[in-house]
Amino acid sequence: MSATTAAAGGGSLRPWLLLAPLLVFLAAFFLVPLAQVAVMSVSDPEWGLEHYVAIATDGFHLRVLLDTFITALTVSLCCLVLGFPLAYAMAAAPQGLAAAMMVVVTMSFWTSFLVRTYAWMVLLGNRGPIARFVEWMGFASPELLFTRFSSTVAMTHILLPYMVLSLYGVLKRIEPALPRSAASLGATPAGVIRHVVLPLAAPGIANGLTLVFVLCLGFYVTPILIGSPREQMVAGVIGQQVEEFLAFGEASAMAMLLLASTLVILGLYHRRFGLDRLWG
Amino acid sequence: MASQVFSRRAALTLGGGIVAGLAAPYFRRVRAAEVLHVNTWGGIWERAAIKNLFEPFTKDTGVEIRPVSPVSFAKLAQQVRSGAYEFDVTTLGAGEIIRANQANLVEKLDNTDLVKNPPFAGAAFQNGASSHAFATVIAYQKSKYPNGGPQSWADFWDLQKFPGSRCMQRYASRILPIALAADGVPADKLYPLDLNRAFRSLDKIKPAVRVWWTQGQQSQQLLRDGEIDCIALWHARTLELIDQNQPVEIVWNQAEIERAYWVVARGTPNRDNALRFIESALKPERVAGFCKDSLNGPLNPAAFNFVSEAEAARMPTAPAYKDKVFEQDILNFGGDVNAATQRFERWIGT
Numbered sequence: 001m002s003a004t005t006a007a008a009g010g011g012s013l014r015p016w017l018l019l020a021p022l023l024v025f026l027a028a029f030f031l032v033p034l035a036q037v038a039v040m041s042v043s044d045p046e047w048g049l050e051h052y053v054a055i056a057t058d059g060f061h062l063r064v065l066l067d068t069f070i071t072a073l074t075v076s077l078c079c080l081v082l083g084f085p086l087a088y089a090m091a092a093a094p095q096g097l098a099a100a101m102m103v104v105v106t107m108s109f110w111t112s113f114l115v116r117t118y119a120w121m122v123l124l125g126n127r128g129p130i131a132r133f134v135e136w137m138g139f140a141s142p143e144l145l146f147t148r149f150s151s152t153v154a155m156t157h158i159l160l161p162y163m164v165l166s167l168y169g170v171l172k173r174i175e176p177a178l179p180r181s182a183a184s185l186g187a188t189p190a191g192v193i194r195h196v197v198l199p200l201a202a203p204g205i206a207n208g209l210t211l212v213f214v215l216c217l218g219f220y221v222t223p224i225l226i227g228s229p230r231e232q233m234v235a236g237v238i239g240q241q242v243e244e245f246l247a248f249g250e251a252s253a254m255a256m257l258l259l260a261s262t263l264v265i266l267g268l269y270h271r272r273f274g275l276d277r278l279w280g
Numbered sequence: 001m002a003s004q005v006f007s008r009r010a011a012l013t014l015g016g017g018i019v020a021g022l023a024a025p026y027f028r029r030v031r032a033a034e035v036l037h038v039n040t041w042g043g044i045w046e047r048a049a050i051k052n053l054f055e056p057f058t059k060d061t062g063v064e065i066r067p068v069s070p071v072s073f074a075k076l077a078q079q080v081r082s083g084a085y086e087f088d089v090t091t092l093g094a095g096e097i098i099r100a101n102q103a104n105l106v107e108k109l110d111n112t113d114l115v116k117n118p119p120f121a122g123a124a125f126q127n128g129a130s131s132h133a134f135a136t137v138i139a140y141q142k143s144k145y146p147n148g149g150p151q152s153w154a155d156f157w158d159l160q161k162f163p164g165s166r167c168m169q170r171y172a173s174r175i176l177p178i179a180l181a182a183d184g185v186p187a188d189k190l191y192p193l194d195l196n197r198a199f200r201s202l203d204k205i206k207p208a209v210r211v212w213w214t215q216g217q218q219s220q221q222l223l224r225d226g227e228i229d230c231i232a233l234w235h236a237r238t239l240e241l242i243d244q245n246q247p248v249e250i251v252w253n254q255a256e257i258e259r260a261y262w263v264v265a266r267g268t269p270n271r272d273n274a275l276r277f278i279e280s281a282l283k284p285e286r287v288a289g290f291c292k293d294s295l296n297g298p299l300n301p302a303a304f305n306f307v308s309e310a311e312a313a314r315m316p317t318a319p320a321y322k323d324k325v326f327e328q329d330i331l332n333f334g335g336d337v338n339a340a341t342q343r344f345e346r347w348i349g350t
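Residue numbers (the UniProt record's numbering), protein chains in the order written: chain V, 1 to 280; chain L, 1 to 350.
Watch out, some of these pointers could steer you wrong.
Said to hold, decoys possible - Here are the computed distance ranges between Cβ atoms for each label pair:
hint, chain 1, residue 1, chain 2, residue 2, range
1, V, S141, L, A103, 22 to 32 Å
2, V, W16, L, K108, 48 to 58 Å
3, V, Y52, L, T350, 16 to 26 Å
Since the hints were derived computationally from the structure, they do not count as laboratory data.
Don't be surprised by glycine CBs; every beta carbon is placed ideally from N, CA and C.
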């Protein structure tokens, strides 16, 4: 014990040396630009908190922010509902099958989200298989694209792997004897899930919800490409402020607000579960 | 201990070296004098510019031209702020060129031949060289309207006579005049825009607009996939679809013309060559070739001497269309363009 402490004490600089390239990189290309954005939010075009006041007082920005949160919440819950059975099946499956399922999940994870968005455009389009099938059944083809439905489906699909992987991590660690003994003591299958599996999986659920929610907050390409015109995400409005209006100050203020809300959510997660567990 | 001091210094050197290495692309722009970087739209636009504008210029002057894309107005502003130039020359639309002048982002043309001895009327506008024009036109699916689709913006707005889904560009300064034309305002009375009337007119068509396109590629895809029946899009994108034998019809009547101008980024070290280039780019033969290949319309009237009648029929600035089309007039917009755009964006989102 004392030998380890001494070694760690003597080489206390060494871990930092190993980290130095990364720290320098992060400082130069992440912290400095981020600080610039923070300064711009109160200094462009002139010094003052006017952008924050404008965001807080005009209904538009608050509505966009609220819309973004509602979308992120919907997508997180959809991911949970779809992801839980999948992760549960993966955890319970024999090793070979579980590995195959894992490959399928991660393959969709590695496919570019733009490609997946375009794939949904084809699937949900007027001439896509779903519309064709509905027509073949004798109904008028529904307009699926450019609705809240289409963007929610696509974002759920894109973010689902994060949910499945974080749920799989905890479900796999549940001692198989626990649900079995609950069943042998007379619990129904639903009872086993509700009273044994769900409480044990709670950290994974919170973990998956947080990851999906935070990632979803920054999304905007998918809703722009296939969502309803009425649906606006904060990130999209920020991009527009910069590209179209050269309003760097206003865009920076919104970006800081988005960053702050992300940090609040991560902070809440940290207090309850500890941030070090977020990535499983 | 000595070894630790040394390794700390080594680490600093190493770290500094890595930062310098990573940052190099951003600072490397210490350039050879005889290279000009021109911002292009990529695709056929860039190929047309290289063949008809860049190569002849290099042949005349020995100055090499390197194309840079994509086009970004924000980047033009950022360049002048930071002093690091990724491109020396770019093209801007009328709305952008006015904003660029307000923000002092482009070089003045006062002492050039474009102003002192213009090759044609209107060759210089707001420190830009009038190059070419494109148009926003009506296009529709032939299969949806076998007896002919909408022939005017009023028809486009008429959901009883021409039922079906609509699509327009998410671009206020382009759509607001069209909304007024649809509401019956004659072409010569459009400007200054009556914004309230324009938004009332837009309210009428809003439910039929399934999607507001933002990328040219996307507008084409929507038409090709049969996702929408009737669309307001760029004439070049429509011609491309027709050339690919897509069942799409183009309507030249009431085409809304917008000019594009060459500008020089303010403060660029290659100012002189950049000015020479934008003057050369207006030569009738060159701009004619460029417009033929890039599907634009030349603004230099002399260019039509180098264009066949069939080719002119594909150009919104052709003399034959003169009485059918109308032009954007941003200087006489009728209010702050940015404010109108903000209002438009909020209107879409509600």
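Quick check: does the Cβ-Cβ distance between S141/V and A103/L fall within 22 to 32 Å?
Taking Cβ atoms as reference, S141/V and A103/L lie about 48 Å apart, which means the hint is violated.
Determine whether the Cβ-Cβ distance between W16/V and K108/L falls within the hinted range of 48 to 58 Å.
holds (53 Å)
Using the C-beta atoms of Y52/V and T350/L, is the stated range 16 to 26 Å upheld?
holds (23 Å)
Hint check: a violation occurs at hint 1 only; the rest are consistent with the structure.
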